[in-house]
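Novice: Listed below are the residues making up each chain.
Protein chains: 2
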Amino acid sequence: MNPVSHFSFDREKLHIDWADGASSELQALWLRDHCQMPSSRNPDNGQRLLNITDIPADIGIADVKLDDASILIEFTPGGHSSEFDLQWLRDNCYCLNRQDDDRSETGKQLWHGESFSDGLPRCSYRDFCGLAEHRRSALRAVRDYGFVLLDGVDCKPGEVLRVINRFGFVRETNYGPLFEVRTKVNPTNLAFTNLGLGCHLDNPYRDPVPGLQLLHCLESSTTGGESILQDGFMAASTLRAENPEHFAMLCHTWINFRFHDGSADLRSRVPFIEVNDREEVVKVRFNNRSIDTLKLPADTLRQFYPAYRHYAEILERASQQIVFKLTAGELMLFDNTRVLHARRAYSASGSRHLQGAYSDLDGLYSSLRMLEAEL
Amino acid sequence: MNPVSHFSFDREKLHIDWADGASSELQALWLRDHCQMPSSRNPDNGQRLLNITDIPADIGIADVKLDDASILIEFTPGGHSSEFDLQWLRDNCYCLNRQDDDRSETGKQLWHGESFSDGLPRCSYRDFCGLAEHRRSALRAVRDYGFVLLDGVDCKPGEVLRVINRFGFVRETNYGPLFEVRTKVNPTNLAFTNLGLGCHLDNPYRDPVPGLQLLHCLESSTTGGESILQDGFMAASTLRAENPEHFAMLCHTWINFRFHDGSADLRSRVPFIEVNDREEVVKVRFNNRSIDTLKLPADTLRQFYPAYRHYAEILERASQQIVFKLTAGELMLFDNTRVLHARRAYSASGSRHLQGAYSDLDGLYSSLRMLEAEL
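In order, the protein sequence lines correspond to chains Z and R.
Be aware that the first sequence starts at 1, since it is given in this note's numbering, and climbs by one per residue.
Be aware that the second sequence starts at 1, since it is given in this note's numbering, and climbs by one per residue.
Just to be clear, a hint being listed does not mean it is correct.
[Said to hold, decoys possible] Once the Cα atoms are required to be at most 30 Å apart in a straight line, the calculated DSS-like pairs of lysine-lysine come out as:
id: 1; chain 1: Z; residue 1: Lys13; chain 2: R; residue 2: Lys108
id: 2; chain 1: Z; residue 1: Lys295; chain 2: R; residue 2: Lys156
id: 3; chain 1: R; residue 1: Lys325; chain 2: R; residue 2: Lys108
id: 4; chain 1: Z; residue 1: Lys295; chain 2: R; residue 2: Lys295
id: 5; chain 1: Z; residue 1: Lys13; chain 2: Z; residue 2: Lys156
id: 6; chain 1: R; residue 1: Lys65; chain 2: R; residue 2: Lys13
id: 7; chain 1: Z; residue 1: Lys13; chain 2: Z; residue 2: Lys65
id: 8; chain 1: Z; residue 1: Lys295; chain 2: R; residue 2: Lys13
id: 9; chain 1: R; residue 1: Lys156; chain 2: R; residue 2: Lys325
id: 10; chain 1: R; residue 1: Lys65; chain 2: Z; residue 2: Lys65
[To be verified] Listed next, the stretches of chain Z that the computed footprint assigns to chain R, with coverage defined by at least 3 CB atoms under 8 Å from CB atoms of chain R:
id: 11; region: 292–299
id: 12; region: 344–351
id: 13; region: 365–373
Rather than coming from a laboratory, the hints here were simulated on the basis of the structure.
Just so you know, even glycine gets a beta-carbon here, dropped at the ideal spot from N, CA and C.
Excised from the complex, chain Z in its bound form:
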């Protein structure tokens, strides 16, 4: 049966009634712009070969012919013809499909402290390397929950970089390709002491912020030093539910972050909570240590502080956090635009040695899509 039950057109638009009862009304310019023919699109990589300015501003539909699996549209002026596969048109029609945003909170599984009573998202590193289905489910956990734990990673220095190369690329920074997390004499960053650290995201003073962080545990014999993770999208969602004005304030007020030491001076101006054009959360930042001097107008400042305090209070709620202790050979891989991390203070005796590194989300999402396309 033809998937189209009826169609009609005029110069401006094509109307399609689909056999399943849905209908589409497609503008002539959109149709011409989305022509899938080899003269308009490179068939190998899908790149568009024409510019919007190549299309006449008064482009219209001159004729339409329906076939079993395709529809042929003749345009005027110019006489260009486009043949559209009906299934493509149905799948891509803007009346019936909304564009996906896989960084948005809407497609994610938001979680709190009790969400993982059946265990944390976890994968053996051997399986991650050897079996596509395990790699796929581990990367899906990062997409959906914002983190995954890998077990059985060799306790060798630099191994964290080899893990990144399995799904993406290392983002080198002024801290090096990787950084050591252990107690240092005269540390330039509080991370390199044995103090506890509150829930934070790394490097908000960096634009672009690294989208992924890995922490690989090579040694762990101290008392304390437990890791804490918290879903920043859930925290933002909680803030919005408890006080929409506070939420809006943190989305639409940009503030400055800064980190400087003897070799770097990193600054950014960004909001705590970044939303897309549909007001959906796509990125969060929080790091009390590196918020630079607030130079907001006095009235804004008066409204900003209660919103900031409210958000900070949510980020301290133990009910929203998961706590676990990384053991030697474990690695946590988490979305640094979503999942906050913290650690409890640890004893001066025994040793604790992690190696950390950054990567970007584009590589991981691309690897995941390639694995999903194999299904």
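Given the coordinates of chain Z, assemble chain R onto it according to the supplied hints.
Specialist: This is chain R only, laid out in the frame that chain Z set:
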């Protein structure tokens, strides 16, 4: 003479009349939050040691004492005392200072095709490596104009990566640490043909987008193949001046970009023009080849297309572009969130070989700030 001519306070705020006639009114909570004492801030790296939730919500000022170069504030409840350097307070007071945003159009030198009649921003690579003042002025050109040309870079493969290491870090992607730009058999990307390419920014389908691009010319004996650069901030500014509704449409409508080949599937959802909370342009994207299917609501789409066409028309105006031919040993370094590039078609005879690579803006800006701090 004391820089403060008069001060007064109540529980909520401190009022300062400065000797030069300016005045500040500083909220108690801001003062406590910005305490510069070693118990509140790490003196070595400036990191804040307290959380906003550590400060009582009803914090107030109990007493204030003025000294020659500092002011001592006692807070209540809690009794914490903060001594502020008067110069620091003056320089950081939110009444008298607006937070800087060095990515925003406001601090930049916008340019068009006739702006560089005295020559393009240019630096010998030998001086760039050897002399801080030359490196500083070259990096300033990238900050202010969005690009600089380096002359006399060794025509050796991989040299482009060594150039990056002089000011920042390589952003490796699925194209590798660097990519070759020359005519290929069966290219997966139009960049690797001898066709002309319209003005575009690279990789809008990547989130985060690489902030810097380098193109290093190793061979150039073809006819044609001239490079074109265009200031995207100027183009956005022109669009805003010619039609504020079109400008707003492109700032507040997010669209999808995509690139896929046999090894990667990269997608993003972002606007053409990104503005900060003050509606200042901070980032632009444009690449007709990789705009994914537009699935906007029908009404939005109807308004979006004229704005998109208008912007594309501005990006084709020769009056806004500079044209030059890269010769062997030249390298262009440009801000890929601001400066569009294009190239003219070139002959099949002769050879043209560029090597390109990406980096991020954070490293370059940090290096520049360190060089400026030496002044």
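Novice: Each hint: holds or not?
Specialist: Here is what the structure says about each hint:
1. Z:Lys13 to R:Lys108: Measuring from Cα to Cα gives roughly 44 Å; hence the hint is violated.
2. Z:Lys295 to R:Lys156: Outside the cut-off at roughly 48 Å; violated.
3. R:Lys325 to R:Lys108: OK: R:Lys325 and R:Lys108 at ~25 Å, within 30 Å.
4. Z:Lys295 to R:Lys295: violated, 39 Å
5. Z:Lys13 to Z:Lys156: violated, 63 Å
6. R:Lys65 to R:Lys13: holds, 14 Å
7. Z:Lys13 to Z:Lys65: holds, 14 Å
8. Z:Lys295 to R:Lys13: With Cα atoms ~16 Å apart, Z:Lys295 and R:Lys13 stay inside 30 Å; holds.
9. R:Lys156 to R:Lys325: Measuring from Cα to Cα gives roughly 19 Å; hence the hint holds.
10. R:Lys65 to Z:Lys65: Cα-Cα ~86 Å, so violated.
11. 292–299: holds (count 7)
12. 344–351: Contact hint for the region 344–351 of chain Z vs chain R: violated, 0 residues under 8 Å.
13. 365–373: holds (count 5)
Checked against the numbered hints listed earlier, the structure breaks hints 1, 2, 4, 5, 10, 12; every other hint is satisfied.
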